[in-house]
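K.L.:
Numbering (the numbering used here), first residue to last: 1 to 509.
Since the hints were made in silico from the structure, they are not lab data. Even for Gly, the Cβ is constructed at its ideal location relative to N, Cα and C. Treat the hints with caution; some may be incorrect.
Under the rule of at most 25 Å between Cα atoms (straight-line distance), these lysine-lysine pairs were calculated in the PhoX-like manner [to be verified]:
no., residue 1, residue 2
1, K179, K167
2, K380, K422
3, K380, K449
Distance ranges between label pairs, derived from CB positions [what the hints assert, rightly or not]:
no., residue 1, residue 2, range
4, K289, K189, 24 to 34 Å
5, K289, Q383, 32 to 42 Å
6, T229, S401, 48 to 58 Å
7, E248, E433, 34 to 44 Å
8, S240, E362, 53 to 63 Å
9, E450, E212, 26 to 36 Å
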Amino acid sequence: MNHKSEKVMQAVFFLTACISIVSVLLICIFLFSNGLPAIKEIGITKFLFGEVWRPSSNEFGILPMIVGSLYVTLGALVIGVPIGILTAVFMAYFCPNKLYKPLKAGINLMAGIPSVVYGFFGSVWVARYTAKRVVAPLNNLNLDQPLKNDTYDEISPLLRRIDYHQKELAKQEALLNQKRDEFDTIISKIKEGIILLDAQCRVISINSAAQELFQTDQSCLGNDILQITRDLSFNHWLESGLQGNKQEGVLQFDQESYKVLIRPILSNGVVTGLVVLLVDVTEQLQIEKLRHEFTANVSHELKTPLHVISGYSEMLVNGLVSANDIPHFAGKIYNESQRMVQLVEDIINLSRLDETDQVPMEKLDIYAIAQNVLESLSTKASQHQIDLHLKGQSTTITGNSALIHSVLYNLCDNAITYNRDKGAVDVTISSNEDNVFLEVKDTGIGISKEEQERIFERFYRIDKSRSRKLGGTGLGLSIVKHALKLHDASIHIQSQLNHGTRMMLTFKK
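Using the sequences and the hints, build the whole thing.
P.N.:
Have a look at this one:
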């Protein structure tokens, strides 16, 4: 064989060997990349005992594939054995030395490929089997009770460490639950509404007061605050709070007003939640409103007599009043000044009643006090031909003499002031085992249903022009209300326009 033929044969054998090696490698890669997911998908039973090998249809029965492989192997033997014999004869008798060495190396390499492949797959199977045996005890570990596992001594320190950390976590969890329960108990007893929100405005905690205001319950935990209320102002305050700003405002719940305080919770400068506090300020706002009204009314009530006094005084000073009219003008000035004195005294009395919750108490004969009051008002009553009557008998109550006298005086004085000429005022005292009853009845102008709820307001008058004309300050019934409150007593009104009024008081013995 010439030199050129040897080179061609050498190249052909070498190329064939390389192609075989690459083909085997590609087959292995394909089997591993596609075979394992398929086995997991169809299960090991169908893989081992399936009757069809059709990978394109996801049918991977290994038995038909093995049988097919045997047929292919048999065919390969039929073809390969003669080729192998011819190759051996060629190498023994005809192959030159230059071609013999590379050809032998290629044949050895090709002969070793099956051993490598079978060895590789065998190693994989052995490793997998061994790993299962080794890992099985680890997979069956009971980590809830690490120290009760019967496994390798080498992992005992790890199990002890796991047991220690589990106990520490259990302690921390128990402590956390205890603190949470204590916190929930505390805020549930607070009358102000408290809501805790996370950074996404989800409800973390809400006490019973806030639940009642927003008409919700504990089922709102974990939900967005928007599911509880969609008040635009409230949501605007929350958005500002999430930006790290403190917010305050007032929300209306039916007839009640609540001040809303929103404070951000910061962690390393980042807002992690919000605290919402709702405080009932209904009474505070009402007091503030009454204070403003009181100031305006006092200013008005003082301004009117001051203008009268100033006007009459100016006329006297400038000599615009004749000598005969001076007593009349002086009387006007005196009356208006007395009205101012009475107004100031009533204001002082009201202030004292507002500032105290208790007054000195003693045993009193309310019948005797009523007699004294009617005697002091008899002159005023006779001027209008009004008859005064006292019915009942000596009856004892526990109270403050000055305040009880003030109550009866104001009620009887009003009964005379707003009565008709030739009318009557009847004062009746009665009692039972627990209570003492006092009634002041007149035949006067009466009080409409709408005004009955307002007559105890400061400076409120039923007939404003008549009251001022007769010297009333508009504070008498306010004093009555406060004085009765200090005595734990009550007052009830029965009245009809132009048909008189009945004031019924109830005292505890």
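K.L.:
For each hint, tell me whether it holds in the structure or not.
P.N.:
Here is how each hint holds up against the structure:
no.	hint	result
1	K179 - K167	holds, 18 Å
2	K380 - K422	holds, 12 Å
3	K380 - K449	violated, 28 Å
4	K289 - K189: 24 to 34 Å	holds, 31 Å
5	K289 - Q383: 32 to 42 Å	holds, 39 Å
6	T229 - S401: 48 to 58 Å	holds, 53 Å
7	E248 - E433: 34 to 44 Å	violated, 53 Å
8	S240 - E362: 53 to 63 Å	holds, 58 Å
9	E450 - E212: 26 to 36 Å	holds, 32 Å
The structure fails hints 3 and 7 (numbered hints given earlier, in ascending order).
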